[in-house]
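Once you've looked at the hints, go ahead and assemble the two chains, each given alone in its own frame, into the complex.
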Amino acid sequence: MISNKHTTLLFLILPILIVLLFMLNIWYGSVSISWLDAWDTLLLNDNVSNSSKIIIIQYRLPQAITALSVGIGLSIAGLLLQTTFTNPLAGPSVLGISAGASLGVALVVLLGGIGGVKLVGNSVLFGDMAIVLASFTGALVVLTIIVFVSRKVGNAVTVLIIGIMIGYLVSAVVGTLQFFSSSEDLHAFILWGLGSFSKTTITQSVSIFVITIAISLVTILFIKPLNAFLLGSQYAVSSGFNVKLMQSVFILISGFLIALGTAFTGPIAFIGLAVPHIARTIFRTSNHAVLLPAVILIGAALTLGCNLVSKLPGYDASLPINAVTSMVGAPIVIWVIIKGRSMSNA
Amino acid sequence: MHKTDNILLKIHNLTTGYSLSRSKKVALHQNVNSEVGKGEFIALLGPNGAGKSTLLKTLLGIIPSLDGNIYYNGDNLHEMSKKEIATLVAVVLTDKIEDRYLTSYDIVGTGRYPYGSFIGKLTDVDKEKISNAFKLVDAEELITKVFYSLSDGEKQKVLLARAIAQDTPLIFLDEPTAFIDSPGKVIIMNLINDLVLVHNKTILLTTHDTELALEYATKLWLLGKENYFEEGAPKTMVEAGMINKLFIRKGIIFNVKSKRFEMG
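The listed protein sequences correspond, in order, to chains E and P.
Read in order, the letters of the first sequence correspond to residues 1 to 346 in our numbering.
Read in order, the letters of the second sequence correspond to residues 347 to 610 in our numbering.
It should be emphasised that the hints constitute simulated quantities derived from the structure, not laboratory data.
All C-beta atoms, glycine included, are put in the ideal place defined by N, C-alpha and C.
Each statement offered as a hint is correct.
List of simulated lysine to aspartate or glutamate pairs, EDC-like, C-alpha gap at most 20 Å:
1. K244/E <-> D441/P
2. K591/P <-> E572/P
3. K473/P <-> E487/P
4. K244/E <-> E425/P
5. K339/E <-> E444/P
6. K5/E <-> D452/P
Simulated DEER-style distance windows between Cβ atoms:
7. V153/E <-> K473/P: 37 to 43 Å
8. V372/P <-> L9/E: 53 to 59 Å
9. L9/E <-> P393/P: 55 to 61 Å
10. L252/E <-> G420/P: 34 to 40 Å
11. V218/E <-> D527/P: 43 to 49 Å
12. S207/E <-> D484/P: 55 to 61 Å
13. W335/E <-> D470/P: 37 to 43 Å
14. K491/P <-> M129/E: 52 to 58 Å
15. S198/E <-> G462/P: 44 to 50 Å
Pulled out of the complex, with its shape left as it was, chain P reads as follows (with noise of 0.2 Å):
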């Protein structure tokens, strides 16, 4: 699966954190190096507290990095526009959408901003893109619905056509899954496979459903307290007990046969 001629995002000795002041920095990751190839499916797991949000969006260049660089494509983070950035990374983020006008067309539509004409009409490209996109997440029936008025769910699903519509080779997740019932758990991760699978995107995702993460993600970055950052093939680090080691609690392992946390 991994091609190392067909390298998206490259991470170079970055240092994640950030400032308190101008002198006063807090680094949370140092020297973090690491290849996204297309068509992985990445996810972040961590616990509370790691600094995996602080990773994904200085990934976004919305946080600034302390140290290093990123590439995508070849092009430094630093260099490249929001826009040129817009086009290559599409987002779904936990941050509340708090207006109570906007139906999921017009937040869907925003996915087409990087594109296309400067005051805002979408172009019929723009308008089959964001029915193509509601189609990928079964949520056609939602189209004109207000966006505030939905579950939790349902928000959920508009976000990731958002970012399908934005055609982009990657999509970042943060906690794609949280606030969600089980099998509206399982419907979205789906749905993020089939992006991998089908349509040839690229994900990372954040998530503490460790459980669910494992079945579906092609690979693992592992992040925790104290500078602490591995990557590798979920079978291959569950096997060598990282995954126990990462989310120590007392009274609590990771059943490596099972693949689930219990008591221990």
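Extracted from the complex, chain E is given alone in its bound form (with noise of 0.2 Å):
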């Protein structure tokens, strides 16, 4: 157990980190713009070139908003999982939800192709939209399917191992399109599977922004039976809680963020798996009630630095972004799981 002093600390520093990388994100990029004009665009400041402000507002932005809002909603999801499958492996991709958004996707943009009706590359912005739109209903049809299972069956496992199958019954149907498909379809689709935080428009990532944090809110609300969770299903129910239903509340929190998420931006891979185990070798507690806020601070500083190592290479074509996250996430997860098992072994 840490001090409480030792949390506060933290608890600043994270959000001062937070500020640090989204201003570098607004301001670093491939056309170079001082650190006053970024200062003075973000403050609504009338003295700064137009094209400054056009790729500030129209591209950098919108980006910073989208990387930190899908860091935080993947990280609770992820955390929410881990808890209530007491499952350390537990996270985005399991339950099938991401496997459900890129059928849908897969759909639109392959299905479309075979078809002979081209609904991307066409119309750039009905494109755009028709992929988010098939995307959240992909990861929302798998969602109710999970849900309802988790309704009428109630041991986790159970749960989990379905979740599972359904994501690969999934990917083998979108495996079976991808073959049909032609080749610049195909390339479209596993550009959305890459991942990407630039294709929101500023409202776009506002909205995100706005509802991400709601239901951030909504979620301090179950810190009581979150932690209740941690002692198994059996204590739980002894706490006092009804588990079956806290579990499929909890599944339906986690699958809209993943939803919401992987719609705007593709899959993002391992920040929702990773973050919450950094979180707790950082605060040294499974407590919820610290656990919470840890991983909103740190999903968003964490997304917020692979967004900015994506941009690395300083030319137009970014890094994709489930590249920088695999990177950095597995030898986090890697990391994290050998550091705690020297300590439980001490």
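Structure, rendered in structure tokens:
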């Protein structure tokens, strides 16, 4: 256990880190913009060149806000799923919800091509919104199935296994669609699968942010049942909670956050899995009263950091965000698990 | 000791068991009837697989009953919320707690969840109940320790403290002395006995430590295979040879005089 002082200090440092990373995301990019201009644009001052303003308002700001929001959403989702299933490997990809999103997109992008109807490419705006809607619908369909199963079955491990199986099933359908589609459509689909924070408008990014924050606040209401779940489902019942109902609520919240993020950015790997582990290791606690704010802050910081790294090559094409989150996330998970092991053996 | 006007738990024509499918149900015990009064210390004895844990969890509403009714203070278990049940019965189970960061204090704190604020901030009353619970089980030095790092005996003390902090008239324990060394078993049983004698709690526990249970229990529930359920005073049941009948193993008998299992 760490002292309260230590925890308070971390909760002061992390927001500063987030602001710093956020500003770096606004400032750094293929076109160089001065700190002063970046700052003035954010404060809506007029003495900034038009081109800098457009780059920041239309590109960098929505990208940074989306990265931050989706980072928060996926991290909360990962935490809720790991607690619900008392499984450290649970994360956004396990319940097949991201796979459901990818099926939705595959149906629009690939099947559209097979049927001779070009949805993407002809009209950029319609194409993008069609992908967002398809992804969201696909994710929600799988989510509905999972929640239904969870209400029926109750047993967490069974729900988890069924979720993984649905994921395989859906991926198989996506694979079949890929096999029959043209290389052009396939390319568009693969691009979506690599993930990107740069596909949102400023309005969309702010909407994602507001919804994510609203759901985060709702989650705070469930600190008690979440903590009770850590002792296992039977002890959670004995602490006075309706475990089946709570389990469905947690799956619903995390599923919605995953659906929201994936719809606008494509599947983002490792953030949801890694951030709860990082939070537990840094704060040395499993208490959700600390962990929830912790994953929100760490998720925001890590995703902003990853987005910054993806811009490092410096020219127009940035690195695919999934490559960066995986390269950063996987070593972190390995490190955390090894560290946790040596600690428990000591 | 047994006062009929002080019935905390009433079991009426209860059938315990499990469902294999919607239509296929396996009953372990049928038409079980009993009453549990304030201040009783009941030991639930029986061989492995007799259905002791199933009965205990059915009474808690963790496993659904196949038939019959369970009443707490006259209220039907079916119609009670999990929260209401949690203010009447606390439990110590055999489930392993795998979390690596929760402290003993965090664990005992969950015993206060049926009460108080919505988001889980502990009130002064909660804090007092928690520290009293640690005092009662003589485990104050464990308060800040990580639960996962404790020995089995220490873990059992903390879980007992959790049940005490829950401040319920009834405490159910599933094999509280399993995996604990012999002096540890006696310590735990003494603590539980103090809860009955000093703090007026009512205890129902399952155990395989028959000899130890006979020293403390005020009543026995004997549970065997093939729908066998009998209750009574320990002394009467021992002398009637009922313990012997319950644990039929070739070459082993329960010596009524020494109250021990011996090679026959």
